[in-house]
Amino acid sequence: MTREVHPPALVRSGTFQGGLTPDDDPDPNALRRVAFVTVGATAGFRPLLAEVLSEPFVARLVALGYTRLVIQCGPDVDFVEAHFPRDDDEEEDEAGLGLGEKERKGEDEDDQQKQQRERRRDFVRRIAVFTYTSEMTKWMRLAGPGTDEDGGRRGYGVVISHAGSGSIMDALRVDARLIAVPNPALMDNHQEELAEEMERQGYLVWGKLGSLANAVEYIEEHVPKKWPSPAAPSEGAPYPGGLLDAMKSLVLGKTG
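Taking numbering that gives the first Met the number 0, I'd label the letters of the sequence shown as residues 0 to 255.
Check the hints yourself; a few may be wrong.
Stated by the list, open to error - What follows is a list of derived Cβ distance ranges for each label pair:
{"#": "1", "residue 1": "145", "residue 2": "63", "range": "12 to 22 Å"}
{"#": "2", "residue 1": "111", "residue 2": "200", "range": "37 to 47 Å"}
{"#": "3", "residue 1": "201", "residue 2": "148", "range": "12 to 22 Å"}
{"#": "4", "residue 1": "40", "residue 2": "217", "range": "38 to 48 Å"}
{"#": "5", "residue 1": "132", "residue 2": "110", "range": "38 to 48 Å"}
{"#": "6", "residue 1": "172", "residue 2": "113", "range": "35 to 45 Å"}
Unchecked claim - BS3-like, lysine-lysine: derived pairs with alpha carbons at most 27 Å apart:
{"#": "7", "residue 1": "224", "residue 2": "113"}
{"#": "8", "residue 1": "225", "residue 2": "113"}
{"#": "9", "residue 1": "137", "residue 2": "225"}
{"#": "10", "residue 1": "113", "residue 2": "137"}
{"#": "11", "residue 1": "207", "residue 2": "225"}
Worth flagging that the hints you see were computed from the coordinates, not collected in a lab.
Since the model is a prediction, treat every value here as computed from it, not as a measurement.
Virtual Cβ for every residue (Gly too), placed ideally from N, Cα, C.
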């Protein structure tokens with residue numbers, strides 16, 4: 000039996016119970032897709048947070064059929080609140096549009112524009128954010144195929160993570176489609192070398208700040224290959240110490 004997943008220290012949105020609930024799912028029969036973003040537990044990563052909360056990034060997720068964005072933000076709760084995308088109603092209220100002006104704006108839209116507008120509004124209102132978790136792999140699994148507790152079906156989504164070795168290991172172990180984004184404030188820990196080499200070998204997409212929306216679209220057509228199971232190593236496996244040993248070897252081999 001699958002346990003309910005409740006986000007610790009939830010900042011925004013309702014309770015996230017391993018997927019959408021019947022009350023907040025705009026189309027209960029549609030395939031659900033989750034984008035899960037994590038900055039890790041050791042340092043903040045504000046440039047990553049700002050980009051995944053930006054209008055172009057949110058719009059790209061909606062256009063690609065994503066239904067939920069969940070963000071583990073680390074210490075930067077206030078930063079996330081300040082950069083949180085507004086839904087259309089909030090923007091119109093702030094612009095001082097009256098009811099008549101809103102109605103005329105709606106009349107100028109065609110059916111496709113109205114549908115996209117509604118999808119974006121629903122998407123923004125369901126963004127969930129939390130600070131830290133001791134169950135990172137459980138969250139990462141939500142970005143993969145499965146069945147939610149209400150019977151809803153999930154398809155493949157994406158994990159967008161800082162490029163620390165621990166988070167990369169977690170994502171590969173749960174067979175997540177991973178975009179690893181090096182933190183430029185932590186270049187002494189070889190994040191960029193690790194992301195570059197792991198992408199070269201085909202296990203993830205090396206995400207670059209400023210083009211993460213493109214990376215999400217890229218991974219749709221260029222699905223990374225699965226990491227070999229550590230439980231059944233092949234004869235003469237090059238990394239007998241497992242995934243961490245492989246990562247260390249990749250980094251040392253590139254920088255040594």
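Hinted pair residue 224 and residue 113, Cα distance within 27 Å | violated (38 Å)
Confirm or reject the claim that residue 111 and residue 200 have a C-beta distance inside 37 to 47 Å.
-> holds (41 Å)
Below or equal to 27 Å on CA atoms is what counts here, so check residue 113 against residue 137.
-> violated (35 Å)
Has the given pair, residue 207 with residue 225, been kept, meaning a C-alpha gap of at most 27 Å?
-> holds (22 Å)
Whether the CB-CB distance between residue 201 and residue 148 falls inside 12 to 22 Å = violated (34 Å)
Is 38 to 48 Å right for how far apart the beta carbons of residue 132 and residue 110 are?
-> Between residue 132 and residue 110, where Cβ atoms are some 40 Å apart, the hint holds.
With 35 to 45 Å as the target window, see if residue 172 and residue 113 comply at their CB atoms.
-> holds (42 Å)
Supplied distance hint 38 to 48 Å, evaluated on CB atoms of residue 40 and residue 217 | violated (28 Å)
For the pair we were handed, residue 137 and residue 225, check the Cα-Cα distance against 27 Å.
-> Holds - the C-alpha atoms of residue 225 and residue 137 are around 18 Å apart, at most 27 Å.
Residue 145 and residue 63, beta-carbon distance inside 12 to 22 Å?
-> Holds, at about 19 Å.
Do the alpha carbons of residue 225 and residue 113 lie within 27 Å of each other, as the hint requires?
-> Cα-Cα ~39 Å, so violated.
Consistency note: the structure conflicts with the earlier hints numbered 3, 4, 7, 8 and 10.
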